[in-house]
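Residue numbers (the working numbering), protein chains in the order written: chain A, 82 to 192; chain L, 3 to 121.
Everything labelled a hint here was simulated from the structure, so no lab data went into it. Don't be surprised by glycine CBs; every beta carbon is placed ideally from N, CA and C. Check before you lean on any hint, since a few could be wrong.
In silico lysine-lysine, DSS-like type, Cα no more than 30 Å apart, as pairs [stated by the list, open to error]:
#1 Lys82(A) with Lys138(A)
#2 Lys191(A) with Lys59(L)
#3 Lys179(A) with Lys13(L)
#4 Lys59(L) with Lys152(A)
#5 Lys179(A) with Lys80(L)
#6 Lys13(L) with Lys82(A)
#7 Lys152(A) with Lys138(A)
#8 Lys59(L) with Lys80(L)
#9 Lys179(A) with Lys138(A)
#10 Lys82(A) with Lys59(L)
Short, incomplete list of chain A residues facing chain L, as computed with Cβ under 7 Å [as the list claims (entries may be wrong)]:
#11 Ser112
#12 Asp120
#13 Arg123
#14 Pro125
#15 Asn174
#16 Gly178
#17 Phe182
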Amino acid sequence: KNQVEQSPQSLIILEGKNCTLQCNYTVSPFSNLRWYKQDTGRGPVSLTIMTFSENTKSNGRYTATLDADTKQSSLHITASQLSDSASYICVANTNAGKSTFGDGTTLTVKP
Amino acid sequence: GAGVSQSPRYKVAKRGQDVALRCDPISGHVSLFWYQQALGQGPEFLTYFQNEAQLDKSGLPSDRFFAERPEGSVSTLKIQRTQQEDSAVYLCASSLGGPGVPRYTDTQYFGPGTRLTVL
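Could you build the full structure based on these sequences and the hints that come with them?
What follows is the structure, given as structure tokens:
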């Protein structure tokens with residue numbers, strides 16, 4: 082069964098600090114992995130997408146990594162801002178077009 | 003430009019009522035997706051359209067759920083005889099799509115969702 086597990090479930094950090102969110106996936110056959118940011122009351126917004134052959138991708142202060150051998154991905158947020166407070170969702174996609182979403186990590190950035 | 007819009011934003015239904023949720027995708031987007039998101043969980047796939055054709059409805063939880071996109075633009079998700087376990091946020095997403103574009107690589111743009119509460 083395809084699964085995506087994210088950790089931690091929630092995280093509180095101070096403004097300006099860095100943090101790393103984890104995603105472990107078991108999907109087959111693996112095609113790509115996306116990270117989304119979902120603000121409260123809004124739909125998810127794509128941050129990065131990585132295929133099997135890519136192991137890092139950046140989008141501003143967000144850097145995603147992918148280890149296809151261990152089936153792990155991480156999202157690193159640098160110099161956090163209050164507006165980074167949101168749920169971050171990892172999604173693993175198969176070549177057959179199936180998407181498996183994780184339950185997300187809720188990040189709270191405090192001043 | 004305008005993003006994906008959904009209406010209503012909030013819907014309260016009594017158990018047993020039928021509801022219809024509307025999605026207006028980004029103009030020109032070929033692909034349209036519906037997801038169900040329970041509180042504190044990630045979205046779960048319901049169904050996928052390419053233009054007016056419903057190519058994948060494997061995620062629809064029961065035959066009470068029905069989706070259509072008759073003219074290849076606006077889509078409606080209908081839930082008949084609602085039950086309490088149907089309470090969730092229903093998200094719609096669209097992507098550019100097109101011939102030869104795999105749906106699993108295309109960026110999806112999500113609407114704000116409709117929060118359905120069944121009493």
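Interface hint status, Asp120(A) versus chain L (Cβ within 7 Å): violated, 10 Å
query: Is Lys13(L) within 30 Å of Lys82(A), Cα to Cα?
result: Not OK: Lys13(L) and Lys82(A) at ~33 Å, beyond 30 Å, violated.
message: For Lys59(L) and Lys152(A), compute the direct alpha-carbon distance and say whether it is at most 30 Å.
response: holds, 28 Å
Per-residue hint verdict: Gly178(A), partner chain L, C-beta under 7 Å: Holds - the Cβ of Gly178(A) comes within 7 Å of chain L, reaching about 5 Å at its closest.
- prompt: Between Lys82(A) and Lys138(A), does the CA-CA distance stay at or below 30 Å?
  reply: Between Lys82(A) and Lys138(A) the Cα gap is close to 27 Å, so the pair holds against 30 Å.
- prompt: Taking the least C-beta to C-beta distance, is Ser112(A) closer than 7 Å to chain L?
  reply: holds, 5 Å
task: Below or equal to 30 Å on CA atoms is what counts here, so check Lys59(L) against Lys80(L).
output: Distance ~13 Å between Lys59(L) and Lys80(L) Cα, so the pair holds.
message: For the restraint on Asn174(A), tell me whether the closest CB of chain L is nearer than 7 Å.
response: With a minimum Cβ separation of about 4 Å from chain L (threshold 7 Å), the hint on Asn174(A) holds.
query: Does Phe182(A) meet its interface restraint, that is, does its C-beta lie within less than 7 Å of any C-beta in chain L?
result: Holds. Min distance 3 Å.
message: Quick check on Arg123(A) please, does its C-beta sit within 7 Å of some C-beta on chain L?
response: It holds, given that the least Cβ distance between Arg123(A) and chain L is near 5 Å, below 7 Å.
Straight-line alpha-carbon gap Lys191(A) to Lys59(L), limit 30 Å: violated, 42 Å
field: Pairwise hint evaluation, Lys138(A) against Lys152(A), where the allowed Cα distance is 30 Å at most
entry: holds, 16 Å
Violation of the numbered hints given earlier is confined to hints 2, 6, 12; the remaining hints are satisfied by the structure.
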